[in-house]
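Participant: Sequence:
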Amino acid sequence: MGKLKEFEIILNNAHGVYFTGEILLGHVNIELKESLKLKGIRVNFRGKAYVHWTDQNMRGPGESRYREIRHHTATEEYFDVSNTLLSKDPSNNNDKRTLPAGQYTYPFQFQIPTNTPTSFEGQYGHIRYCVKVMIEIPHRCDLTCKKVFTVIQPLDLNRDPSMSVPIRTQKQKKLCCLCCLSGPVSATLCLNQKGYVPGETIHVDAEVMNNSRRKMASSSLEFKMTTTFYTKTETRSITQQIMKRKRGQIPSGSSDTWEGEPLVIPPLPTSHLMGCGIIDVKYMIVLRIEPVGPAFDHAVQAEVFVGTVPLHSSTQRHLAVANNYQGRQSYHNSNGAGADQLYHPNTYLPPLRFARYPFYTSCIREQDGNRNKGDNSYTPAYIYFLWNEELNRSNFPT
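Under the UniProt record's numbering, residues 1 to 398 are what the sequence shown spells out, in order.
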């Protein structure tokens, strides 16, 4: 890019986060050190989901064995729209024009469709949105600049009555064979609701009753995220641990009780990534008991939903303890464009910010770095409510 001194895309939202249905506004800055012959300048807005992984198997007998690699791929296209920022010179009969040395700014805008899913980056796939500006050069490859942005599809937990229903799940397991005179190990897990938002605290009540003749090595509470990637014929799932709390031994005949154990939800994508048919996300709270010696773990689990609009019951509880509350407007500080879509008249919501997803960053560098400028890596940013300043002084940077 010898003739280009500057080629940069600037979005009006410094966080690069937009809600579905919102209008993305921005501009591209171009500075030329000398005149440049070109055909035109175009801007492209694209949103798509992509899934890919490989399987390897050995085939054939003896020395003729070979490695077979199978690729599993799926895509979904949400939009692919191009607009002209600078067309050919109307005074010239050919399709070329010369842009003199100097500084140029070209604005653009695009309304994000309402049915697009929330952005996501994972090990075997992604849901990604970008704006790309292309300077079309005659008889040569285009000069391009790319900017990736985050899209959030609002998920109002109040629209589903089951989100406010308490959860109680219980499970028993005998660790010895039937001929042994030993009682079971029972585990009970309780949550006061099913739906939560990032920044909110899950208060977990749990109990482990060890009526067996064996000592339990430990008990733990785990918050887990399972992502499933789909193609037409295959699926692949990965589970990652978001956080874990662990306790010590539980002797035979004793119990261990967890009372209101707080688990603060970090910045996360919404459950199930509504609108995407090839990537699914779900979250589980797991109570796990590990026995001493050779035996399988004993676990009981409950699914929780992560949304973007908290339950009214959650906001009312928070409002009741917010001693410095002076009206809803004092809390309406979204620190980012587009968050007004979450607010409704006469409805209280705690303040929010956009925080980077702490578990995955993707490399998106183009192969030809000399002719392609813009983002080289990308981490999506999600809603994070500031429910409790003490609990939320965490490692989730904006």
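Hints are computed from structural coordinates only; laboratory data are not their basis. It cannot be assumed that every hint is accurate.
Derived lysine-lysine pairs resembling BS3-like cross-links, with alpha carbons at most 25 angstroms apart [said to hold, decoys possible]:
1. Lys282 / Lys5
2. Lys246 / Lys215
3. Lys33 / Lys373
4. Lys39 / Lys5
5. Lys5 / Lys33
6. Lys171 / Lys194
7. Lys3 / Lys194
8. Lys48 / Lys96
9. Lys373 / Lys147
10. Lys3 / Lys88
11. Lys3 / Lys373
12. Lys174 / Lys147
13. Lys147 / Lys48
14. Lys88 / Lys174
15. Lys3 / Lys33
16. Lys37 / Lys5
17. Lys5 / Lys88
18. Lys48 / Lys3
19. Lys282 / Lys39
20. Lys171 / Lys282
21. Lys5 / Lys48
Participant: Now, for every hint given, state plainly whether the structure supports it.
Facilitator: Evaluation of the provided hints:
no., hint, result
1, Lys282 / Lys5, "violated (46 angstroms)"
2, Lys246 / Lys215, "holds (16 angstroms)"
3, Lys33 / Lys373, "holds (17 angstroms)"
4, Lys39 / Lys5, "holds (19 angstroms)"
5, Lys5 / Lys33, "holds (6 angstroms)"
6, Lys171 / Lys194, "holds (19 angstroms)"
7, Lys3 / Lys194, "violated (57 angstroms)"
8, Lys48 / Lys96, "violated (32 angstroms)"
9, Lys373 / Lys147, "holds (9 angstroms)"
10, Lys3 / Lys88, "holds (19 angstroms)"
11, Lys3 / Lys373, "holds (14 angstroms)"
12, Lys174 / Lys147, "violated (56 angstroms)"
13, Lys147 / Lys48, "holds (15 angstroms)"
14, Lys88 / Lys174, "violated (78 angstroms)"
15, Lys3 / Lys33, "holds (5 angstroms)"
16, Lys37 / Lys5, "holds (15 angstroms)"
17, Lys5 / Lys88, "holds (22 angstroms)"
18, Lys48 / Lys3, "violated (33 angstroms)"
19, Lys282 / Lys39, "violated (48 angstroms)"
20, Lys171 / Lys282, "holds (21 angstroms)"
21, Lys5 / Lys48, "violated (31 angstroms)"
Going down the numbered hints, you'll see the structure goes against 1, 7, 8, 12, 14, 18, 19 and 21, while the others check out.
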